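Asks: Protein chains in written order, with this note's numbering: chain L, 1 to 336; chain U, 1 to 336; chain B, 1 to 336; chain Y, 1 to 336.
Hints in this document: simulated from the structure, not taken from any laboratory.
Bear in mind that the values here come from a model prediction, so they are computed numbers and not experimental data.
Cβ atoms here follow ideal geometry from the backbone N, Cα and C, with glycine treated the same way.
Please note: incorrect hints may appear among the correct ones.
[Unchecked claim] Computed, partial: chain B to chain U, Cβ under 8 Å:
| id | residue |
| --- | --- |
| 1 | Ile172 |
| 2 | Ser173 |
| 3 | Asp180 |
| 4 | His184 |
| 5 | Leu185 |
| 6 | Ser186 |
| 7 | Glu190 |
| 8 | Pro234 |
| 9 | Ser275 |
| 10 | Gly276 |
[As the list claims (entries may be wrong)] Heads up, incomplete: computed chain U residues facing chain L, CB under 7 Å, no partners named:
| id | residue |
| --- | --- |
| 11 | His111 |
| 12 | Pro194 |
| 13 | Leu224 |
| 14 | Val233 |
| 15 | Leu240 |
| 16 | Ser275 |
| 17 | Val280 |
| 18 | Asp296 |
[Said to hold, decoys possible] Derived EDC-like pairs: lysine to aspartate or glutamate, alpha-carbon spacing no greater than 16 Å straight-line:
| id | chain 1 | residue 1 | chain 2 | residue 2 |
| --- | --- | --- | --- | --- |
| 19 | Y | Lys196 | B | Asp296 |
| 20 | L | Lys196 | U | Asp296 |
| 21 | B | Lys196 | Y | Glu53 |
| 22 | U | Lys196 | L | Asp296 |
There are 4 protein chains.
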Amino acid sequence: MIVAGATGFAGALAAHLLWRHPQFELVAVTARSELGRPLCALYPRYRVPLALELLEPERLAGIDAAVVAYPHAAAAPTVGELRERGIRVVDLSADFRLRSLANYEQWYGEHPRADLLGEAVYGLTELHREAIAGADIVANPGCYPTAALLALAPLARAGLIADLVIDAKQGISGAGRVFDETTHLSMAGENIVPYKVAAHRHTPEIEEQLALLAPAAGDRHKPLAVQFQAHLVPLDEGELASCYVTTTRPVGAAELRELYTRAYAHEPFVELLLSGPPGVLEVRETNYCRVFAAADAHTGKVIAFGAIDNLWKGTSSQAVQNLNVMFGLPETAGLQ
Amino acid sequence: MIVAGATGFAGALAAHLLWRHPQFELVAVTARSELGRPLCALYPRYRVPLALELLEPERLAGIDAAVVAYPHAAAAPTVGELRERGIRVVDLSADFRLRSLANYEQWYGEHPRADLLGEAVYGLTELHREAIAGADIVANPGCYPTAALLALAPLARAGLIADLVIDAKQGISGAGRVFDETTHLSMAGENIVPYKVAAHRHTPEIEEQLALLAPAAGDRHKPLAVQFQAHLVPLDEGELASCYVTTTRPVGAAELRELYTRAYAHEPFVELLLSGPPGVLEVRETNYCRVFAAADAHTGKVIAFGAIDNLWKGTSSQAVQNLNVMFGLPETAGLQ
Amino acid sequence: MIVAGATGFAGALAAHLLWRHPQFELVAVTARSELGRPLCALYPRYRVPLALELLEPERLAGIDAAVVAYPHAAAAPTVGELRERGIRVVDLSADFRLRSLANYEQWYGEHPRADLLGEAVYGLTELHREAIAGADIVANPGCYPTAALLALAPLARAGLIADLVIDAKQGISGAGRVFDETTHLSMAGENIVPYKVAAHRHTPEIEEQLALLAPAAGDRHKPLAVQFQAHLVPLDEGELASCYVTTTRPVGAAELRELYTRAYAHEPFVELLLSGPPGVLEVRETNYCRVFAAADAHTGKVIAFGAIDNLWKGTSSQAVQNLNVMFGLPETAGLQ
Amino acid sequence: MIVAGATGFAGALAAHLLWRHPQFELVAVTARSELGRPLCALYPRYRVPLALELLEPERLAGIDAAVVAYPHAAAAPTVGELRERGIRVVDLSADFRLRSLANYEQWYGEHPRADLLGEAVYGLTELHREAIAGADIVANPGCYPTAALLALAPLARAGLIADLVIDAKQGISGAGRVFDETTHLSMAGENIVPYKVAAHRHTPEIEEQLALLAPAAGDRHKPLAVQFQAHLVPLDEGELASCYVTTTRPVGAAELRELYTRAYAHEPFVELLLSGPPGVLEVRETNYCRVFAAADAHTGKVIAFGAIDNLWKGTSSQAVQNLNVMFGLPETAGLQ
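Can you build the whole structure from these sequences, using the hints too?
Replies: See the structure below:
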């Protein structure tokens with residue numbers, strides 16, 4: 001097992017989780033800078049003593065899996081190269097999340113390895129567990145789609161979503177190892193900041209997946225346009241998706257409870273709340289997603305919340321969950 | 001001038017602002033506890049040396065105005081008593097915000113002084129400036145309605161709101177001088193917490209005011225049911241209302257800009273942004289509201305943001321703004 | 001294994017660590033309030049499903065160990081009762097930390113079970129490992145003494161401390177599950193607050209332990225009066241002791257390095273830094289203590305830093321470390 | 001009035017305070033980057049509409065004063081040039097704070113304008129008010145020296161300081177508009193970080209000023225070596241100096257109170273506390289320094305605390321206080 005791109009928040013956490021994993025063996029962490037430094041010098045909390053090295057695919061004999069934590073567009077060529085050497089990959093970038101090449105090109109530009117799009121499986125474990133088990137390329141979901149789709153999947157499967165607003169809030173770690181006004185404590189610390197108004201790239205990812213969940217073929221052809229808005233709030237790790245659903249028909253509390261219980265009663269990492277909404281602190285540094293849904297008699301809408309740790313279930317621990325599935329291990333291995 | 005109920009966050013800040021006000025003279029701060037202690041012992045930042053005393057209306061000769069900072073239901077009798085002694089009141093509670101007694105009873109219970117409802121003016125200064133000038137009882141708005149209504153008023157006046165979701169986020173000061181799990185730094189500090197799901201009392205206040213703004217009489221009879229949801233995020237002061245508007249007809253960027261510019265070009269305390277949304281830090285400890293609106297071509301919706309300091313424009317500095325209007329002073333006196 | 005007093009921060013974390021411990025079996029969590037509620041309802045992060053119950057010592061057949069997390073003076077009688085039933089106890093309170101009854105009475109008042117003082121072992125694992133292994137009552141150290149003593153032990157053993165100032169900083173979790181001005185985010189959040197000036201009860205604990213470490217018998221008879229000062233700073237978990245040592249003779253960098261390396265080279269939970277001081281985030285939610293010492297050529301003093309998580313190594317994970325030692329398990333069991 | 005170097009935190013705040021000042025007229029803000037942008041685009045909270053421009057001294061006819069907010073070594077040449085054009089300067093850098101050129105060279109390197117050293121006055125207003133009134137170059141103190149010297153001056157003047165440890169804590173704004181690991185909320189937010197161990201450049205500044213305050217000439221020749229240590233803690237603005245004084249003779253509570261009361265009874269910006277130490281929130285965004293001193297009967301030492309806002313009294317508002325003194329205005333003008 002290797003982690004390619006371990007200097008960013010996502011790659012470093014993936015390395016940490018794999019280093020302490022009882023079954024996987026992390027043998028290398030790669031980067032394009034900080035070469036030779038042990039990862040624990042950059043991330044003291046993670047205590048991974050491996051030194052950062054350049055990724056040299058030709059030296060990867062014996063490696064069976066990799067987590068790739070590169071920016072979009074940079075990831076796809078490396079994923080392809082690893083794949084061609086027989087290495088199974090969980091890709092943390094957006095490069096293989098969208099099924100539609102047109103969607104990718106509209107939101108991200110040209111795709112470096114469009115030929116591999118059909119091969120990749122969307123790695124929201126709870127939604128695509130079986131396909132992930134057999135996949136060679138798993139496209140780890142965005143953090144916002146993870147929280148939103150787990151909150152919405154029971155409604156989507158029942159064909160109940162007529163219109164949808166998602167208002168998401170995330171801690172500053174969501175901005176990554178980026179040093180600017182967005183992350184400076186004096187500027188971000190007592191602030192609430194909406195960003196990418198009407199333009200967040202997680203939108204098509206949510207729309208595609210909701211369409212796939214919808215029951216009728218007809219729905220898939222004209223996917224719902226989702227109103228998605230992200231905000232940064234002053235904490236480190238944590239993310240909440242508040243989803244406001246105009247339903248296709250009236251939905252009451254009893255039906256809601258049944259839909260959600262049926263969906264999540266046996267999920268090891270989804271904690272369904274019945275009496276009130278979750279706070280993100282409840283899932284901090286875990287792979288859990290907490291979900292709560294309520295019917296609003298006043299408006300007729302359904303409100304559904306999904307709370308995760310954006311770096312864990314939203315990124316790196318879900319990557320490990322997917323690797324567990326890919327390699328036939330207990331899904332919770334190394335995650336509890 | 002007196003502040004009745006000065007031990008809470010709202011009353012204490014009102015006292016601070018009035019103490020340093022160039023034209024008003026604050027002569028007493030009252031409370032039911034901490035009697036005899038100078039207010040600055042409880043709130044060192046505010047440096048108001050007046051000692052807390054019991055409110056004894058019979059001793060208020062010569063007082064011409066009061067800010068009442070009591071909880072709802074407790075406020076109305078005192079407001080009434082002060083009013084009967086000829087004292088003009090800005091009431092920070094919810095007791096006189098709703099025009100409809102039925103609405104009040106549904107959300108708050110029995111009204112202690114329903115007889116005064118018709119006399120009170122809703123104190124969102126920018127919307128009701130003229131009525132406030134002549135009012136004896138001004139019902140200071142809730143903080144969420146302040147941010148939301150300023151973000152939405154131009155759309156409401158144009159009859160453009162067909163459906164509405166408001167997702168609001170607020171700092172912990174919004175919970176007030178309350179000591180529990182909600183405000184403990186170890187529990188609130190790295191958290192995002194939705195509260196009062198489908199049940200926040202600011203909902204009818206927003207609905208009533210939007211109905212009043214609507215152009216056609218018909219609209220007022222069947223007011224829009226607003227989906228309003230509040231969240232606590234880990235900062236002290238600051239509040240953002242993110243408003244998602246399904247419009248009655250397509251609205252483009254140019255029309256939006258014109259509507260908002262016309263509404264706010266001459267408002268001293270509304271800062272209209274044109275290039276991007278506000279962060280709440282930009283208005284911290286000020287009476288400003290920053291507003292931004294955008295049309296989303298993808299969904300057809302309009303997104304409007306209102307950012308305020310929940311304790312300032314959301315509560316106490318707006319009370320001072322109203323007092324300025326009531327007493328014929330420059331509206332910005334003591335607020336810049 | 002039981003945890004008595006599991007509703008406070010320390011007891012709840014001890015329960016969490018023991019619940020997930022690979023060798024110990026946590027069978028009960030007790031409290032005087034919240035009876036019948038699962039601990040995970042109070043502390044969702046800890047996911048301990050056991051319901052809180054009253055401590056009824058007569059029903060404890062088969063229990064071989066307990067963590068007692070009561071306030072001082074309340075703890076001693078329960079510790080005694082458990083001890084008399086053959087249960088080995090780690091006591092998180094101050095009741096058995098001081099060897100000198102006179103010291104206890106001066107700082108805490110009358111001792112409810114002074115007869116047991118001689119039996120208790122001071123549970124700073126790194127300093128008293130062998131005695132802990134055979135002890136029936138282990139007095140878990142205060143968090144400040146833990147950080148300070150680990151930073152200072154190599155100097156103390158070498159008889160190098162002539163005078164000592166300890167300036168300690170701690171996150172708000174150090175105030176515990178207490179709801180008041182000290183912990184309210186709006187009051188604590190942008191604050192730095194010294195407390196208990198010249199009066200902190202951890203002072204005699206540090207003084208006694210430093211005297212025990214000193215090489216010459218003479219030193220023990222007239223222990224050093226330590227200047228200890230605590231501060232609350234706005235984070236959740238984390239604690240730093242900055243120790244300023246006037247030395248009995250000049251000490252250079254090489255000697256310092258040798259003293260500290262010799263002391264800590266083989267300690268599993270002490271991370272000795274050589275190039276710069278630790279930040280507390282590096283040890284958050286771990287049982288590690290990070291130590292750094294430097295000689296200041298300008299003043300001739302030595303500065304030593306100890307960084308811990310006040311709730312973990314400072315309290316509950318050190319309790320587990322001690323339990324591991326008491327029951328002959330690997331010292332790191334359940335702590336990595 | 002101009003502010004040279006207005007893009008950093010200190011210069012921007014100085015511009016804000018001068019822009020709203022009732023007597024001074026701020027006519028220009030200069031910088032080497034962001035030219036043409038209004039300062040309020042960079043610092044929305046400050047609402048200074050002036051556009052940033054290059055400093056062109058030849059165009060400064062009619063300007064009588066400047067605040068220079070450059071890094072050390074960069075400041076001195078500009079200060080000299082402005083001085084030569086008859087402009088009185090408050091310099092926020094370290095370039096003119098030290099009286100001893102040898103000290104400067106040891107801690108900062110070569111001095112670009114050593115010829116002006118003798119002309120500059122150290123701008124801790126409370127200590128050098130009279131000299132400041134007549135000065136053309138005022139060297140605004142470092143933030144740590146401001147807090148520490150105000151806490152210590154009464155003891156220093158009485159010749160009571162035999163040995164001294166200063167442990168200082170500061171919010172992240174102290175790191176300035178610097179974007180790196182030090183200021184990223186995810187790295188700084190739940191952290192306490194000591195920095196510049198045994199090497200902080202504010203040390204000689206404190207030592208020189210304490211020597212100047214000492215009563216006997218002899219003391220001045222062999223200044224005390226001060227143990228000064230700085231820490232970053234996770235808030236925005238705020239700074240506390242905790243000073244531990246070994247006294248030259250026993251000092252009791254009554255004498256302490258008399259010394260401090262005599263020193264500060266008439267100071268408009270020093271708030272002497274008598275019953276307990278200050279928290280930094282009490283002085284946030286003010287020019288106040290709160291001071292508290294206590295005698296520790298246990299150790300015989302005196303503990304003195306100074307709490308300020310590092311950007312206000314620690315930097316920019318003290319610059320305005322000095323300008324008020326230099327131009328014969330009420331010392332509190334524009335600062336209350």
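Asks: Run every hint past the structure and note whether it holds.
Replies: These are the hints, each one checked on the structure:
no.: 1; hint: Ile172; in the structure: holds, 4 Å
no.: 2; hint: Ser173; in the structure: holds, 5 Å
no.: 3; hint: Asp180; in the structure: holds, 5 Å
no.: 4; hint: His184; in the structure: holds, 5 Å
no.: 5; hint: Leu185; in the structure: holds, 4 Å
no.: 6; hint: Ser186; in the structure: holds, 5 Å
no.: 7; hint: Glu190; in the structure: holds, 6 Å
no.: 8; hint: Pro234; in the structure: holds, 7 Å
no.: 9; hint: Ser275; in the structure: violated, 30 Å
no.: 10; hint: Gly276; in the structure: violated, 26 Å
no.: 11; hint: His111; in the structure: violated, 21 Å
no.: 12; hint: Pro194; in the structure: holds, 4 Å
no.: 13; hint: Leu224; in the structure: violated, 9 Å
no.: 14; hint: Val233; in the structure: holds, 4 Å
no.: 15; hint: Leu240; in the structure: holds, 5 Å
no.: 16; hint: Ser275; in the structure: violated, 10 Å
no.: 17; hint: Val280; in the structure: holds, 5 Å
no.: 18; hint: Asp296; in the structure: holds, 4 Å
no.: 19; hint: Y:Lys196 to B:Asp296; in the structure: holds, 11 Å
no.: 20; hint: L:Lys196 to U:Asp296; in the structure: holds, 11 Å
no.: 21; hint: B:Lys196 to Y:Glu53; in the structure: violated, 51 Å
no.: 22; hint: U:Lys196 to L:Asp296; in the structure: holds, 11 Å
Checked against the numbered hints given earlier, this structure breaks hints 9, 10, 11, 13, 16 and 21; the rest are met.
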